[in-house]
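Participant: Residue numbers (the numbering used here), protein chains in the order written: chain A, 1 to 372; chain B, 1 to 372; chain C, 1 to 372; chain D, 1 to 372.
In case anyone wonders, no lab produced these hints; they're calculated from the structure.
Virtual Cβ for every residue (Gly too), placed ideally from N, Cα, C.
One thing to keep in mind: the hints can contain errors.
What the simulated footprint calls covered on chain A by chain D, stretch by stretch (three residues with Cβ under 8 Å from a Cβ of chain D suffice, anywhere in the stretch; the number is not a length) [as the list claims (entries may be wrong)]:
1. 45-58
2. 123-130
3. 308-317
Counterexamples of contact, computed for chain A against chain C with all Cβ distances above 10 Å [as the list claims (entries may be wrong)]:
4. G12
5. R20
6. T69
7. A145
8. H213
9. V294
Number of protein chains: 4
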Amino acid sequence: MQARVHRIPAAGPDDVAGLRDLAGSGALRPDRVVAVLGKTEGNGCVNDFTRGFASASLKTALAALTGRTAAEVDAQILFVMSGGTEGGLSPHFLVFEAVPDAAAPTPGVKSLAVGCARTRAFAPEEVGRMQQVAATAAAVRAAMAASSIAGPDDVHYVQVKCPLLTRARIEQAHRAGHGVAAEETYASMGVSRGASALGVAVALGEVDASALHDAAVCRDTTLFSRCASASAGVELLENQILVVGNSAAWSGDLLITHDVMQDAIDTAAFARALSQAGITPALPLAPADSARLVAVLAKAEASRSGSIRGARHTMLDDSDIPASRHARALVGGALASVAGTTLLFVSGGAEHQGPDGGGPVAVIARRLGEGL
Amino acid sequence: MQARVHRIPAAGPDDVAGLRDLAGSGALRPDRVVAVLGKTEGNGCVNDFTRGFASASLKTALAALTGRTAAEVDAQILFVMSGGTEGGLSPHFLVFEAVPDAAAPTPGVKSLAVGCARTRAFAPEEVGRMQQVAATAAAVRAAMAASSIAGPDDVHYVQVKCPLLTRARIEQAHRAGHGVAAEETYASMGVSRGASALGVAVALGEVDASALHDAAVCRDTTLFSRCASASAGVELLENQILVVGNSAAWSGDLLITHDVMQDAIDTAAFARALSQAGITPALPLAPADSARLVAVLAKAEASRSGSIRGARHTMLDDSDIPASRHARALVGGALASVAGTTLLFVSGGAEHQGPDGGGPVAVIARRLGEGL
Amino acid sequence: MQARVHRIPAAGPDDVAGLRDLAGSGALRPDRVVAVLGKTEGNGCVNDFTRGFASASLKTALAALTGRTAAEVDAQILFVMSGGTEGGLSPHFLVFEAVPDAAAPTPGVKSLAVGCARTRAFAPEEVGRMQQVAATAAAVRAAMAASSIAGPDDVHYVQVKCPLLTRARIEQAHRAGHGVAAEETYASMGVSRGASALGVAVALGEVDASALHDAAVCRDTTLFSRCASASAGVELLENQILVVGNSAAWSGDLLITHDVMQDAIDTAAFARALSQAGITPALPLAPADSARLVAVLAKAEASRSGSIRGARHTMLDDSDIPASRHARALVGGALASVAGTTLLFVSGGAEHQGPDGGGPVAVIARRLGEGL
Amino acid sequence: MQARVHRIPAAGPDDVAGLRDLAGSGALRPDRVVAVLGKTEGNGCVNDFTRGFASASLKTALAALTGRTAAEVDAQILFVMSGGTEGGLSPHFLVFEAVPDAAAPTPGVKSLAVGCARTRAFAPEEVGRMQQVAATAAAVRAAMAASSIAGPDDVHYVQVKCPLLTRARIEQAHRAGHGVAAEETYASMGVSRGASALGVAVALGEVDASALHDAAVCRDTTLFSRCASASAGVELLENQILVVGNSAAWSGDLLITHDVMQDAIDTAAFARALSQAGITPALPLAPADSARLVAVLAKAEASRSGSIRGARHTMLDDSDIPASRHARALVGGALASVAGTTLLFVSGGAEHQGPDGGGPVAVIARRLGEGL
């Protein structure tokens, strides 16, 4: 198999013209699409309907392009929309294709590989708790196996889309006599992302499952995954997972690397991920290197400490702009200053996704030569 | 004379404890303070009262420390508060001192020099028009002369604080039969900053005064200063100006450099300014270099084109967060990723301050050795 | 014919379950729907995608229910989504049906009547100018004729959905050598609404067309319609019009009345409209009267004077919340305090729709007895 | 004694010109001022610095007018600033004076009376818990005794200003090994207001102290005061209390009444409070009645149920505008529609202040004749 990644700018949440054009030209095979990650321009918080609007529009378009029903598209393709293009971030879709390859992979060369999986739907009282952790870990392992990714060291990015709790769902749990992990909708997004990330960490051996318990979720910030990126949305009840890594069973000229930002401005970590992908970090990047950069995926979060390298930030005390919006703008600016583009998949809410205030950063790049 | 710059973190708009502590320790001579630039944590737009609160608090504190009246402090010291610490920007004050120096300056070595000036108060109908341009240009020249800065090449940063038009002032003009350059308060901040920046450009020979006219303000984006930084506030009626440059008549171990960012993520320009100051741009900076970085001052603005290097941004279409807030977060992130600190004086609204979507960036640094 | 109005609560922009249920039960005939007005929960400003999402969802649902294509639905039904449910306003759809009636109308009794029309698509440079005014006036007259509404006195509410100018459309006009009525997207919504309302006023004889010119739009606030309600959206290029009045040619138990609020808290005007509809205004309404109230439609706007009955408001100086959002919350609260419900169609931006700071308020009610 | 109330419009948080004018004219005796309640135009949430700016400005002005030190002013006068003038609410100060009266009170006639008290400073771990409840109850009783208010039935309004927990204070508690009632600053405002209101309820016999415990705060919404209004701010560590009632020991032509709104649009409750004060509720009020209305004080809150009279509201799911801002706009609109003025002291956050989604509303009015 061969993995392809298309970065398609979007003029709005319902802009599927770019997708249609690529399909029309033959550059993209709609029936081979396995996942679409999107940055949409809502607030990325509770009342962000751009995610649902984009998902609905993409599903309708892909159903028309493939002749499948909407339900089939929904079951076969992972749609992960992350709201929030604060600062200079640019709305876009990342379309992942898995294409059969006539030639066998070059021996000894690992290439970009993708795998998908889903958990069962969660009851409201399971969100943000060990049930969500365990089901996510199992799904990550299943996705790795399905995509012939040999082991945790070859996994560089795991995207999870997870549910949130609306007031209606919180009340449903209460009526059934259950407590929930978060009593407010906004807070529920955090615990759902946190439990999902811990599930990834368990699957990859980053965190010991036996040491985990409900109370650790969103509290013990020493526990985290270096690869997970979780995004919460109102439009689903289960966890949907995309594992991205390198595999000797796949071919093609793409590869993925990653590192972990220790704080929101840790571009040294980004520089290391670029270097591992064969791109020399520089201000600015050389044009040839820029051209090889296919996608950047990172998490953003306001540090709970209230400061960055000792200097106070005001994100957590701002009642006009949610902290996650500040954080995306900040990390987007930091990464764009090196990458030279604002077409970056920076998503907010990095609970257990890297250390407090930091987060994973992954680079998908075109390989320089055969030997890399 | 010798110029000193103190970068003092602020826990809130009325936090003058840091100033008092420095004065108490003798590290800062309150009677020698010529200007205070501050980043405060309001929205940086119309209803940002953190600027006024900080100014009032600083004036009261400096009056108490110097034994002067509030009116004397107001007449002798320039207070320029810039609201908005979006993304990770950290609230702080930059206190500029001009201290008599026992020793004569080292021949052939230019050191940091500062000069202040004020225009007359402007009538509402003058704001954003040629009257404001001309008065600002004259004041910049006066400040250069007063501080023995030899010529435009030695000027690296000109801060202007300028008035805005409240509804009351707009109606006052209308009643007197005058039109105004902007009918809305928020828009008036833009034209006031724009005319002020053009005034700087005229003084420094960057723009030919004879080619200017009212209609060019905030419209002809090809006209701009490479040094100006203008900030609008409700608390004043005149323009207040701080010219910062290097001068052979001054001594001390500080110097200032600058460059112009062509867009919001142009950290190559920042890297050049750092290099000119003897600091090697790297991700991250070497610890010794970090220690020599005293202050970074930059402008931020959403490009009117609606895009950054060809990728659409959503700043101008966002009705939840003003574009200037997005822009400060973005540029703050871009600069912090190189500088390694969020204690950056990034102010919004860059009309005629650098090219569309870009802006000047200045670096105040401690000199490495005698010879620089 | 008989006009029916269904007020359907919405759990989200894409919640069409209520519509489907009514159609399923036979209470609503989907093939007879002529218009859907909706209050959706976005910000009601530029980047409000809830309007487009709701329209798309409603169109898909009505296409499925009627067996028509999406294009047919779009051509036959008017969809007018007004964003913004600030304060306590409750998201809902108002579905207007025109149903053939077996019995002839009772002589001498006028009943609720509805008529629709559309203008041609406008070029960017026509928006907010006399071309839009004239085309709207013609369309209003056409809708009156089509629905047998005898004259202006029988018209009580005219809803216009009108286009806005995106950055792309503004630049398109500039490239073609045209100026536009507003250089900023947000401002373009105002001039589009203003020109549309003046078109209604011309059609109803409220304003003399010969006295109008481009410069009067959004400037001469003495010119206004007492019936118009205009709402701007990104999803259309033409004006779409719904005229609602009473007609002797229609039957049924519904009627419409209206009055004009002189300011945002002028509930005396609302009380008069209720009285004309046979409902005794009281705090609270009698239960029987509440039950007869089918819909309330009103406009909300921050007064340009900056005050309400002499007391300063802060809506126009607030850079955190757009003025139109404040105004909807305020008028929604004022009307709900009398109506006893928050299911109110209060839309923002009342340029030339009632006097400055006020606006039309219309009441659709069930008639008490035959004789009314 | 005689209580006087001055309602002074404010052009900004630091506008003390109205206060100075009244003092200059002799209409107000600055040395007799016991309390100033203010509506200021910040966001009313965590980073609202307009409250502190207004307090600082008023203190400086009153110190200058009375010749007292700032510390004396601070110890003798209660300053309670409530941020948030959403919708049409108009910034203003309510200045309460207690003036010695030459004549004895008319026997059998109760007039407006005011009493103040303060608790000790609370440790972070006490905020939102029984320690705050008990100390507040004791202070309310002390204020009643000091002002000769005979019993709970004569108390109509109790204003409490209470502290919040900043990140620094939360961490201080954690370092000392204590938990806190709320881990987030914004949430801490709620529990502080809630515990304060329960303290008022205990003092007035509205809630049985023996039934209270830490876990009931902000959870058991069946427990509430019908008179309490609590407002949280960063600028104090203790609770400050103003009790307002009627007393036979006081004279003057003012009186106070109150009722409880069952939801945000319950103007029937407001109508009852007006009636009790001798004002006929009408749409609009008769001019003579309007003239007698001196002040309206009310609480606003988004109902946790997510609906108002069965219709969904979007306040709790809005990540762009905090729920308390929506609620103030809504209740302000509802009350203004009856009162005919937007100079209303509507403050947000009504935990245990009236039922869920509702809140107390108090009316201070000029008495019609002797006999009332």
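Participant: Decide, hint by hint, whether the structure agrees.
Facilitator: Status of the hints after comparison with the structure:
Under the rule that three or more residues need a Cβ within less than 8 Å of chain D, the assignment of the region 45-58 of chain A holds, with 4 such residues. Here's how the region 123-130 of chain A fares: 0 of its residues keep a CB closer than 8 Å to some CB of chain D, so the rule of at least three is not met and the hint is violated. Counting residues of the region 308-317 of chain A whose C-beta lies closer than 8 Å to any C-beta of chain D gives 3; at least three are required, and the coverage claim holds. A cut-off of 10 Å between C-beta atoms contradicts the statement that G12 of chain A is not in contact with chain C; the least separation is 7 Å.
Against the 10 Å criterion, R20 of chain A stays outside the reach of chain C, whose nearest CB is about 16 Å from its own CB. With 10 Å as the threshold on Cβ separation, the claim that T69 of chain A sits away from chain C holds: the shortest Cβ distance comes to roughly 13 Å. A cut-off of 10 Å between C-beta atoms confirms that A145 of chain A is not in contact with chain C; the least separation is 36 Å. The Cβ of H213 of chain A sits about 35 Å from the closest Cβ of chain C, beyond the 10 Å cut-off, so the non-interface label holds.
With a least CB separation of 27 Å from chain C, V294 of chain A remains clear of the 10 Å interface cut-off, as annotated.
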